[in-house]
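Residues in the sequence shown are numbered from 1 upward in steps of one, following our numbering.
The hints are simulated quantities; they were obtained by calculation from the structure and are not laboratory data. Beta carbons: idealized from backbone N, C-alpha and C, even for Gly. Be aware that one or more of the hints could be misleading.
Here are the computed lysine-lysine pairs in the BS3-like style, where the Cα-Cα straight-line distance is at most 27 Å [unchecked claim]: (1) K113 - K97; (2) K66 - K158; (3) K44 - K19; (4) K66 - K107; (5) K196 - K44; (6) K97 - K107; (7) K274 - K113; (8) K19 - K196; (9) K24 - K113.
Derived Cβ-Cβ restraints for the label pairs, each shown as a range [unchecked claim]: (10) R108 - N236: 42 to 52 Å; (11) E199 - E271: 35 to 45 Å; (12) D16 - V232: 20 to 30 Å; (13) E320 - R108: 35 to 45 Å; (14) E122 - K284: 32 to 42 Å; (15) Q33 - A203: 41 to 51 Å; (16) E121 - D299: 49 to 59 Å; (17) G103 - N235: 36 to 46 Å; (18) P202 - E121: 41 to 51 Å; (19) E249 - M73: 40 to 50 Å.
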Amino acid sequence: MTMSRFELASDFIINDTLKPHVGKNFRIANPGQPLHICPQTGRKIYPRILTVGSGNGVQEPRYLAKLMSMTGMDKPNVVYIGTPFFDRDDKYESGTKAFRKAGCTIKRLMVAKECTTPSPEEMRRIVVDWANLIVVSGGNSLFAMLRWQSIGLDLLLKDAALKETVLCGGSAGCGCWFDSMQTDSLKPEACKYGEKVLENLPAEQRLDWSFTRISCLGLGPNAFCVPHVDTVGTNNIARVDIAKRMLLENNDPSAPIYGLGVDEKAAVVYEEGKVTIMSAGARKTGTGKATCHIMYATDRNEVMCIPLIPDTGESLTLEEMIDRAIRSVDAVMSPFDLIVSEEVTNACHRRGCSGNIDMIAAIDNAGAVSVTATATMGRLERPLSIRNLSPFLELVSNESDEADRTTQQPSRSSSPLRGLVHSMPPLRAHSRSQSTDGMIAAIKDLRLGLPPLFEGKRLVVPEPLVVNASN
1 MTMSRFELAS
11 DFIINDTLKP
21 HVGKNFRIAN
31 PGQPLHICPQ
41 TGRKIYPRIL
51 TVGSGNGVQE
61 PRYLAKLMSM
71 TGMDKPNVVY
81 IGTPFFDRDD
91 KYESGTKAFR
101 KAGCTIKRLM
111 VAKECTTPSP
121 EEMRRIVVDW
131 ANLIVVSGGN
141 SLFAMLRWQS
151 IGLDLLLKDA
161 ALKETVLCGG
171 SAGCGCWFDS
181 MQTDSLKPEA
191 CKYGEKVLEN
201 LPAEQRLDWS
211 FTRISCLGLG
221 PNAFCVPHVD
231 TVGTNNIARV
241 DIAKRMLLEN
251 NDPSAPIYGL
261 GVDEKAAVVY
271 EEGKVTIMSA
281 GARKTGTGKA
291 TCHIMYATDR
301 NEVMCIPLIP
311 DTGESLTLEE
321 MIDRAIRSVD
331 AVMSPFDLIV
341 SEEVTNACHR
351 RGCSGNIDMI
361 AAIDNAGAVS
371 VTATATMGRL
381 ERPLSIRNLS
391 PFLELVSNES
401 DEADRTTQQP
411 SRSSSPLRGL
421 VHSMPPLRAH
431 SRSQSTDGMI
441 AAIKDLRLGL
451 PPLFEGKRLV
461 VPEPLVVNAS
471 N
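Generate the whole structure from the sequences, applying the supplied hints.
Encoded structure:
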């Protein structure tokens, strides 16, 4: 049975044609799972993807360099798919400029209209057999999904991923690889000639549209992707606010949905089933470097949006990132203050939860902390003891942990620790000098599995600590 091919009847009217298809399922894979597991070697094949929040963001120099590295070639064969932009010539020119400058050979796959769509055999030759790198433009995500599904291009993209062809894109080309995405596909100007539509549209009608959530190919992480999360839509509504509302409306504890907001100048690299966050500039709104944000609804019907630290080089599964974000939110939501030195934040940014983490302690009165110890050069003979905090925090000596203290390896013994939010590993302290600075350095060597992911907000440097060091 031949599937009917979806095609737009007009280059000017979009909403009425697309709206009935919002709930359609476009998934061709299980998001976050390998596409294939070799029965002989057990090797898992995952898609290799780089996505950016803005439409032409993949052409940022550092992202372009990363893409070349992922392909293993200086001048890979590039296939440009401009379906979301209805195969407009100007978008093709702007969307491939950096690749042309780099000397890449580019093939343009035009499938927005039936009259330009190649045969299935030709599409396979281009997408599966020839391409080293596939670039998807920004534009109308819902239209692209419908068109690809109706002509079988979605399945060819999956076959390309199985061959480990690198997939990339921005905006629509960012979200299309995930489980689902937020899209502005129903706005009146989201058609081929959107500029002309806006010229003839009253101001109030330009605002009369809503973002929607659609399913996507499912080749990438199992997340609800929100491209341009640091921007406001042409309806004057912040994308992050709508994403939060969507997460609340779909808040089901038995099947939680996690969002991944992508700032315009941020990138998500997905390799071997793990995610790395990159940045190429400042956020569009707000402060700091562009990054990605874990978003989820709590059992209190609140939505948390936690910025991740970009450019650490760390690769984690999305589940690990989500778990880390949730634990950090739990800590900040504690009724106690958090004491964390500046060094801890930097260390966490560099090494994540596997690195040495400074003390992160929940206490009711930062000024009441007193740290005492007997120190020698090189290491601490006895553990640091923290007083005046009972019942909030207790750090107890355990002679069986002497090897841990000497080698500065994290202890996994049962020494009690109370007062910190939820369950954290037992703490052990080490010192490298006799000075007051050394005592603070000793606190730095405490190991925890909870790196702070916040810039500010009740994260304070340890000046309130009263440190008494004796020889």
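Restraint check for K24 with K113, where alpha carbons must lie at most 27 Å apart | 21 Å, holds
Verify the proposed pairing of K113 with K97, using a straight-line Cα cut of 27 Å.
-> 24 Å, holds
Restraint status (C-alpha distance of K44 to K19 at most 27 Å) | 38 Å, violated
Do the alpha carbons of K274 and K113 lie within 27 Å of each other, as the hint requires?
-> 36 Å, violated
Within a Cα-Cα threshold of 27 Å, do K196 and K44 meet the stated pairing?
-> It is violated: about 48 Å lies between the C-alpha atoms, which goes past 27 Å.
Is the distance from the Cβ of E122 to the Cβ of K284 consistent with 32 to 42 Å?
-> Once the Cβ atoms are compared, 39 Å apart, the range 32 to 42 Å for K284 and E122 holds.
Using the C-beta atoms of E320 and R108, is the stated range 35 to 45 Å upheld?
-> The hinted range 35 to 45 Å holds for E320 and R108, with Cβ atoms some 38 Å apart.
Verdict for R108, N236 (Cβ pair) under range 42 to 52 Å = 35 Å, violated
Hinted pair K19 and K196, Cα distance within 27 Å = It holds: about 21 Å lies between the C-alpha atoms, which stays within 27 Å.
So the hint says 41 to 51 Å: do the beta-carbon atoms of Q33 and A203 match that?
-> For Q33 and A203 the Cβ distance comes to about 46 Å; the hint holds.
At the C-beta level, are G103 and N235 separated by a distance inside 36 to 46 Å?
-> Cβ of G103 to Cβ of N235: about 41 Å, so the range 36 to 46 Å holds.
Decide if the proposed pair is consistent with the structure: K66 and K158, CA atoms, cutoff 27 Å inclusive.
-> It holds: about 22 Å lies between the C-alpha atoms, which stays within 27 Å.
The structure is inconsistent with the numbered hints 3, 5, 7 and 10, although it conforms to all the rest.
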